[in-house]
Amino acid sequence: MGLSIQNGGNLQGLLNVDYQPPNANFDRSLVKGRVVRLITVKEERYSIALEEAAGEKLFAIICETDIVCSILIKNKCFIKHKAILIPNNRINNFKEASSEVIDYVANVTKGKAKHALSLISYNAYYDKSIRSVFADVFVCDDADTAKKLAFDPRVNMRCVTVDGTMFDPDGVISGGCDQKKNESILERIKII
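Going by the working numbering, the first residue of the sequence shown is number -19, and it counts up by one from there.
I should point out that these hints are in silico values taken from the structure, not numbers from a laboratory.
Don't be surprised by glycine CBs; every beta carbon is placed ideally from N, CA and C.
Taking CB as the label site, the calculated pair distances span:
#	residue 1	residue 2	range
1	Asn(-4)	Ser79	33 to 39 angstroms
2	Asp83	Asp122	16 to 22 angstroms
3	Glu36	Pro2	22 to 28 angstroms
4	Leu10	Asn72	17 to 23 angstroms
5	Gly155	Val88	18 to 24 angstroms
6	Asn103	Asn72	18 to 24 angstroms
Okay, derived cross-link-like pairs now, DSSO-like style, lysine-lysine, Cα gap no bigger than 30 angstroms in a straight line:
#	residue 1	residue 2
7	Lys92	Lys127
8	Lys127	Lys75
9	Lys62	Lys108
10	Lys128	Lys37
11	Lys108	Lys128
12	Lys56	Lys12
13	Lys90	Lys75
14	Lys37	Lys92
15	Lys56	Lys37
16	Lys108	Lys127
17	Lys12	Lys22
18	Lys75	Lys62
19	Lys22	Lys92
20	Lys75	Lys22
21	Lys12	Lys54
22	Lys75	Lys37
23	Lys90	Lys108
24	Lys54	Lys37
25	Lys37	Lys60
Input sequences plus hints: build the corresponding full structure.
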């Protein structure tokens, strides 16, 4: 998985939100934090799957408003790296599993697949922002279940196995990395 960091990697650097404020009066509380810091995984066994599901958005920065995002981008406040910013007030129009699809998946898989949002907890204040990252994903116990769901026309959502193999309804399958060689970032941040 591309986001896992080998032992000795600079995880702390990925978790911090380092930026130059656009001016001396900028209210730093308007920059809420990275998605990875704003969620808690309920069961460790799902960490790798959730990291794969989030992809680079795991390190996206949630900001109070779209205006804050615009100011930070316009003023090139992120000098060390490119930033993905999620405006907490404006995030809309993301793909999301309906309650009917969630119920269908639970029934057809007999508990071998769970909606990604049910596997994490977070402050309700960030609901839309966090849903924009995880609402179109099911985490499955095995590859057969993930493949069947991803290509089921009634589901048609991304499905990832607990070991990080992703099945996209567009036909793309990703994975194949030996996850045991890498530690899960979501597990490692608990000790930082």
